[in-house]
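K.L.:
Now for the letters of each chain:
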Amino acid sequence: MINDEKIIEELRHRLVSFDQETKLQNIGKVEKNTDGVIICSGLSRASMGEIIAFENGSLGVVLNLDEDTVSIILLDRATDLKEGDEAKTTGKPLSIIASENLLGRVVNPLGEPLDGRAKVVKGKEMPLERIAAGVVEREPVNVALKTGIKAIDAMIPIGRGQRELIIGDRGLGKTAIAIDSIINQRSFKKDKTKPVICIYVAIGQKQSSVAQIVNRLKEESALEYSIIVAANAPDPASLQYLAPYAGVAIAEYFMEKGNDVLIVYDDLTKHAWAYRQLSLVLRRPAGREAYPGDIFYLHSRLLERAAKLNSKKGGGSITALPIIETQAGDISAYIPTNVISITDGQIYLQGDLFNMGIRPAINVGNSVSRVGGAAQTQAMKSVSSKTRLELAQFRELAAFAQFGSELDKTTFAQLERGKRLTEILKQPQYQPLSESLEILSIWAVTNGYLDDLPVDVVQQFEKELHDYVKTHKPTLLTDLSTGEKPNETTIKLMQKTVQEFKKIFSK
Amino acid sequence: MLNQLMISSFKNMYLDKQKVFKIAKYLKRSELKQYIKALIAQEKAITVRIVLPQEIKQQNKVLFSKIFEDKKLIFDADPSLIIGLKVVNNDLVYDLSLLNTLKNLASYISSAYD
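Order-wise, the sequence lines are chains A and B. The opening position of the first sequence corresponds to residue 1 in my numbering, with each subsequent residue numbered one higher. The opening position of the second sequence corresponds to residue 1 in my numbering, with each subsequent residue numbered one higher.
Okay, chain A solo, but in the shape it has when bound (with noise of 0.2 Å):
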């Protein structure tokens, strides 16, 4: 039995931060509730992106101050608030709490748990909205984010810092890609290295899609890195709006205590339809496509967060993966076009490659990384400086090829080296492989090992090099994971280890 002198203690010492001063309170009324956006009068003193409080205990945020009224969008779906109802200001922005106790967690854009468990309320309060980090506090991306996807990490690198965007129609993969370099993190515990925290913000999706994504990431143990935002299709687009705000300002609440961080935003374009609800619900003039005009700025604002601090403000980092799905392939679309501008690269992801079977459906073409080679290691710039060239090459003689005319011998190597390289960058779902084998893989094929095997069995013989060098030569791992580039030794430990298991895999 807890005796009450204890009680009052506990009271005493928890109530010690409790704010005793008297606030004054500026009040408004309901005049309107129109589809999750609420017009009230007064409320003279409400300020951009406030707490609003109504009487039923719904919460909203100020989006439009007007001369005589102030429009509020709601976070819940308060269907019981009706004109005269009473609101509050209460003085505070916006903000969600963040802290290590989130790593694991499901939770929606207030910080509402989602995964059945309780709320997390102690924490560092930061806002959803907020000025990006300026010129002086950053660095140049130089770091590499490795992604465990051939085709990415070898011809599209990804920086620490960067933004990286994913586009494409539905059902291509991006989602995959994006779920893969989740994964391909794990690999801290290994390599003994700081993790690389991961958000994955759900914007507008099923929510059995983020069940399933939720599912796979416990699955393979990258769950416990990982932190999940999600305002899915059911809830308010108010939700929907604020969710990629919600997951930076948790991400960059990592990267000012030196964390590296990646976000995924899946998807961006979910996201430009709920605030052009919101924005016309809010009587915004609408422009092209019925966009308000400021959506650009939404994106831009919310990209530009993603950065690389320099050592003095802790040399944290936010890498962006933003996905955007387009119709038809259209990447000349409004939103698309938007966002592309905005990021530093995109992966682009094609219908036809994917229908040949050649997924991830990576359009090595029109896919680039702006960071570009200073974000790969120096072990697998040296292997994969010819990869795009090559497969460019082959592409374009592969089209030639099909009138059927004779070929040259030159010519026809050629094609057949693209054959197999075109097998070797293709990549199962929630497969990502660490470097050291990436560096392999493409070695082999871009130094001719490959051309003597039929083009159906490059994968088989892949796997199987792998499960190979993982028993017998780990060393040679060891040497291709430390980053730099290959010396002599370890070529000749390649070579000598690909021949050996070629004649092993012909028997």
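With a cut-off of at most 27 Å between alpha-carbon atoms, the simulated DSS-like pairs for lysine-lysine come out as follows:
id: 1; chain 1: A; residue 1: Lys29; chain 2: B; residue 2: Lys37
id: 2; chain 1: A; residue 1: Lys124; chain 2: A; residue 2: Lys194
id: 3; chain 1: A; residue 1: Lys29; chain 2: B; residue 2: Lys33
id: 4; chain 1: B; residue 1: Lys57; chain 2: B; residue 2: Lys71
id: 5; chain 1: B; residue 1: Lys66; chain 2: A; residue 2: Lys23
id: 6; chain 1: A; residue 1: Lys32; chain 2: B; residue 2: Lys28
It should be emphasised that the hints constitute simulated quantities derived from the structure, not laboratory data.
We have chain A already, so just place chain B on it with the hints.
P.N.:
Chain B only, in chain A's frame:
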């Protein structure tokens, strides 16, 4: 023009009913709606509502009228305040009651601890 009509509808901080009816006769439906809204807003702007736990003595009313010299004062009694007072000046509320403090305390405890 509607603003001027609204200002002239008040006499010594009280609504002049005869003037209001006179003006209303000459206004169109949409103008009448705006005129009524303006009257309501002005009424709110010039009125201060003071709520106390019990009826206030006349000498104390004089004190308040010195603080809010250019406003119309309305005094209400609300025992639920327990102690203290609440002043509502248009859309600004100064809630200095014990009831408000207890509500804030309860809200703080429920939001800070699960």
